[in-house]
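**Student:** Full structure from sequences and hints, please.
As you go down the protein sequences, you meet chains A and B in turn.
Offset between the first sequence (1-based) and my numbering: plus 94.
Offset between the second sequence (1-based) and my numbering: plus 318.
Certain hints may be false.
Computed list of lysine to aspartate or glutamate pairs in EDC-like fashion (alpha-carbon distance at most 16 Å, straight line) [unchecked claim]: (1) A/Lys313 <-> A/Asp423; (2) A/Lys898 <-> B/Asp325; (3) B/Lys437 <-> B/Glu449; (4) B/Lys347 <-> B/Glu327; (5) A/Lys870 <-> A/Glu705; (6) A/Lys861 <-> A/Asp694; (7) A/Lys103 <-> A/Asp202; (8) A/Lys861 <-> A/Asp608; (9) A/Lys898 <-> B/Asp533; (10) A/Lys892 <-> B/Glu493; (11) A/Lys390 <-> A/Glu695; (12) A/Lys861 <-> A/Asp775; (13) A/Lys898 <-> B/Glu493; (14) A/Lys702 <-> A/Asp754; (15) A/Lys666 <-> A/Asp694; (16) A/Lys702 <-> A/Glu755; (17) A/Lys898 <-> B/Glu449; (18) A/Lys892 <-> B/Asp533.
Honestly, the hints are just simulated from the structure, not real lab data.
Please read these numbers as outputs of a predicted model, since none were measured by experiment.
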Amino acid sequence: MTSLEPAAKWFQSHEWEAFEFQREVWRAYLNGESGLIHAATGTGKTLAAWWGPLLEQIGDAEQSRGALPLRVLWLTPLRALAGDTANALRLPVGDLHLPWTIETRTGDTPSSARARQTRRLPTALVTTPESLSLLLSRDNAAAQFNSLRLVVVDEWHELMGTKRGVLTQLALSRLRGICPRLRTWGLSATIGNLDEATRALLGRRSLTGSRVVRGAEPKTTVVDALIPEVIERFPWAGHLGTQMVRQVAEAIDEGQTSIVFTNTRSQTEIWYQALLAHRPDWAGSIALHHGSLDRKTRDWVEEGLRNATLRCVVATSSLDLGVDFSPVDRVLQIGSPKGIARLLQRAGRSGHQPGAASRVTCVPTHTLELIEVAAARDAMNAGVIESRYPVTRALDVLAQHVVTIAVGEGFRPVELLAEVRSTDAYAELPEDEWQWVLDFVSNGGESLKAYPEYSKVTVDETGRWHVQDRTIARRHRSSIGTIVSDAHIVVQYLRGRRLGSVEESFIARLTPGDRFVFSGIPLEFVRVRDMVAWVRRSSGGKGLIPRWMGSRLPLSGELAASIREKLGEAAKGEYNDPEMLALRPILEVQAKWSRIPSPDEFLIERVKTREGYHLFFYPFEGRLVHEGLAALFAWRIARLAPISFSMSSNDYGFELLSPDEASLDEALAAGLLDAENLVDDIPASLNATEMARRQFREIARVAGLVFPGYPRSGKTARQLQASSGLFFDVFSRYDPANMLLSQAHREVLERQLERTRLGHTLLRLSKVKVVVRDPKRTPPLAFPLLIDRTREKISSEKLVDRVKRMQRALERAAGKSA
Amino acid sequence: MNESDGDLEIAIRGERIALLPERAMLWIKHRTLLIADPHFGKAATFRAGGIPVPGGTTGNTITRINSLVSRTSATRLVFLGDLLHAKEGRSTGLFDEIATWRTENAALEIILVRGNHDKRAGDPPGELNIECVDAPAVMLPFVLAHYPGSHPNGYVFAGHVHPGVRLYGSGGLRERLPCFVFGPDHAILPAFGDFTGFAPFDPDEGTDVYAVAGDAIIALGPRRRTPPAG
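**Tutor:** Shown next, in the form of structure tokens:
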């Protein structure tokens, strides 16, 4: 048995003491086991995973001279974290003079280092799931990985609920195919379903056990809020924007070093500007950080946080993860916290000083968000935490993986299927879906005759499947991954450095001379050339703020349930928290004009405005469930008589808006809330919206139908560009059995609309009391829905009739302006 | 011509022009059918590049041309550029399919005004009997071209941009539809091909836009700038 002594000594030399959970992991690792370590950030998970292989090395150090071959692969979800992680790993290796090389490999790695790594990988490699897939697409993958002993998957909770998690599972299955005794350790924040997380990481047939280790106890966490000084009773004043900037600045002043978290990149730019405008003397001591900024800028900001030279950084989730910034003693959250785990994670970025608690102060951007703060605190105190659900049966990711292996060493279908089925994601992959994926990559689909010129993967005389065409191989490598984003354009000074990137669609709206703010700097747009937006510094003044596409995070089900309870208290006149007391005037208007729903009521409001007839529904179940319910309800009402609806949803409820009055009473009588017939009604309502068409965007990208341009791709590549929407239309018409289409529908149902939650919600709603109100004006709860302009539509009118209606509206508007 | 309820007749430079919901246009006096951007062989180009696009788009595009020609009794057919998508899409299968139709319509005069894709893809085979000319081709009072723009010799009919229009109605309703765009000195036709799609197009002030709404053409009148924000 290898001694743990060297680790204990090293900890002592740094005046630390090893935690018992760390010793447990080391013993388990040395014993050949795999597992998952869960704890809050900054509690020593990295060293728990890292010292196992180091102890193993010290145990047989006598035999080794010179740099060792690849032993450890360290996967990190953000390439920005790779450098910090590698530095943390180097510390003990340097102290102990071990003959280990530690390097990173990400999209940012210079080509010289890549070339060296292509010849020989370091002893420990820190990389991302995408870069690992790229390594697996090389024809010497087995030789490069056969000395591997350990894979560590960092921040597994971030990866596991996404298609990147599936990509990781598939890559792990290939590595286990190369090295059957490979050990895997996952590092995760504490989540609600650790068993599932462990199974997704280790697969269904782990030969190395599956131990779940709980890390050090979390610090105590304080959640509070900045309460707006004046709360207007009228809802249209509820939108706070950056009005809270003075109070935020005061909070920053109280601390030494602060992180101000926002929910979107645009919000980061907006709040950075607002803080600077409020405190011009802070120029140079505050900064901003988000994923679209140039790497160098981000490094500089992180360094400033680490050595406390910055007073405050405004950031997105780009600073959620990674090594600690110990000087940070204050964290603010702008806008809805969205979930309990997320709020805890952000709070955990503060309070690393001995004896300090973690504290997060929420700043509402809309007064109703104060409910969420009180609800999150209640849930946290009750020990409620969200689960993350792994993605399963994603055929797009599987198709990508199959081509990746075919580009590299090639495969025999029987062997590859066994590997694929060893993962949790594809453990129940049906034979026909596997066959379809093989057909898809070899002859394009089920009907051989329909795809005559097609060739991608070919079978050689020994029965091995390969990609022969080098152009196809190169294009596949350039599009490995599951992260879908619009084409990005680099923003760069005319003579000087790169600032970062923005979406092409934003730049397309600009004309030369337009001003916009990016990276906190006012810029003037000069021109676009070669995928670069050339800019010069603008002489002050306000400009546009770019908006980046990105999925809006929904409220978690756990937090939603807590919000219903808080409203229930308010309905009974109980106001106990500072946040609820502050909200009281608004909730009293809601009660007077309409009603505050209790947990055993389902509130529906009917309001008529200039825009048309509004129906507001408040299930308080989170935006995703509401989108599904909105489509379902609209479809069920439209079935009774021809009508067109536009729909908007938020975390509290949803709105159906129609030019003519919809008969709610008739619809309720006809079973609007029925939890029966969902199997038929949900897909039907879905077809009536464009949700599946939009979901296809990601699938088309992952499955390799649509690929991002790459440098020097030239005109031939441009001839192969088509939008995912066009693919969706062409498949729907000419190849309706295409399984990627059914996947799009399944994903909308299961991931986007959370079908299970939708069913539960309907069951709940069918049991509670329906309360219909007809307020004369828009009540406070409805207001955020009213101003939301991202809408779905559903219609039982003919297209021509709808267009004629719009045509008449145009004419009326013209008549007025003439 | 068998008129369809969905057709819409307008007058340009004193000539009667019918806009057809099949995304084509008829110059009535000369029985000349105008079609922009069919992009034949686009699906095949994708397949050759390893991207699986189902077959059938070519066949359907030909079927649509065929029924248009018989419904309008056209004697001449002009393609306003981008007949072929790319060199890689020039397959014998494609040309056989077109040739079969061509022999059944041997009397029809067919002209291709070359577009940017045709320059690289090359002209169609001679046996298809398609006269290929560079833009602009003058047929007074009109000028036939691929790229939109004005021309001193006449009113220009062009393609290239695959125009689409966004419509906004009361109650937050929205539609995206392919469209015809008529300006003071030139018009742009929607893309005809089955695997082409369309892109939002921001027309100049005062241009007339005609939306293709299923099986009908709907005049949207002169455009003003900017739809409602959001």
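**Student:** Would the hint linking A/Lys898 and B/Glu449 be met if the CA-CA limit is 16 Å?
**Tutor:** 40 Å, violated
**Student:** Are the Cα positions of B/Lys347 and B/Glu327 separated by 16 Å at most?
**Tutor:** The hint holds at about 12 Å.
**Student:** For the pair we were handed, A/Lys390 and A/Glu695, check the Cα-Cα distance against 16 Å.
**Tutor:** 53 Å, violated
**Student:** What's the verdict on A/Lys313 and A/Asp423, does the C-alpha distance respect the 16 Å limit or exceed it?
**Tutor:** 13 Å, holds
**Student:** Between A/Lys861 and A/Asp608, is the straight-line Cα distance small enough, at 16 Å or below?
**Tutor:** 56 Å, violated
**Student:** Tell me if the straight-line CA distance from A/Lys898 to B/Glu493 falls inside 16 Å.
**Tutor:** 11 Å, holds
**Student:** Within a Cα-Cα threshold of 16 Å, do B/Lys437 and B/Glu449 meet the stated pairing?
**Tutor:** 15 Å, holds
**Student:** Sort out whether A/Asp775 lies within 16 Å of A/Lys861, counting only the CA atoms.
**Tutor:** At roughly 20 Å apart (the allowed maximum being 16 Å), A/Asp775 and A/Lys861 break the hint.
**Student:** For the pair supplied as a hint, A/Lys892 and B/Asp533, confirm whether the alpha-carbon distance does not exceed 16 Å.
**Tutor:** 11 Å, holds
**Student:** Assess, step by step, whether the Cα of A/Lys870 is no farther than 16 Å from the Cα of A/Glu705, and give holds or violated.
**Tutor:** Judged against 16 Å, a Cα distance of about 14 Å means the pair holds.
**Student:** Does the alpha-carbon distance linking A/Lys702 and A/Asp754 stay inside the 16 Å limit?
**Tutor:** 10 Å, holds
**Student:** For A/Lys898 and B/Asp533, compute the direct alpha-carbon distance and say whether it is at most 16 Å.
**Tutor:** Distance of about 13 Å is within 16 Å: holds.
The structure does not agree with the numbered hints 7, 8, 11, 12 and 17 stated previously, though it agrees with the rest.
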